[in-house]
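When we follow the numbering used here, the leftmost residue of the sequence shown carries the number 1, and every step to the right adds one.
Don't take every hint at face value.
[What the hints assert, rightly or not] Quick list of in silico lysine-lysine cross-link-like pairs, PhoX-like style, CA-CA up to 25 Å:
hint, residue 1, residue 2
1, 35, 58
2, 34, 59
3, 34, 58
4, 59, 35
The hints are simulated quantities; they were obtained by calculation from the structure and are not laboratory data. All values derive from a computational prediction rather than experimental measurement.
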Amino acid sequence: MSTIWVVLIAILALVAGVALGFFLARKYMMDYLKKNPPINEQMLRTMMMQMGQKPSQKKINQMMRAMSNQMDNPKK
1 MSTIWVVLIA ILALVAGVAL GFFLARKYMM DYLKKNPPIN EQMLRTMMMQ
51 MGQKPSQKKI NQMMRAMSNQ MDNPKK
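All chains should be modelled from the sequences, with the hints used to inform the complete structure.
Below is the structure:
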């Protein structure tokens, strides 16, 4: 009888650890990406020039704002 309890507690602890680790890692990555966005204005300007567009500062600011809003309000 006690062996069953030990196995059950071990399984519950494993599941709880995996769930807690997942949510902590997710929170860490979201904070990291908010502080260090994967794309900056220079990258965006280069990408637009490669696509044959002449990037204006207004258009770059607009796209950066849109990406920032998307990071702040993720869809659930």
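Hint by hint, which ones does this structure get wrong, listed from lowest number up?
none
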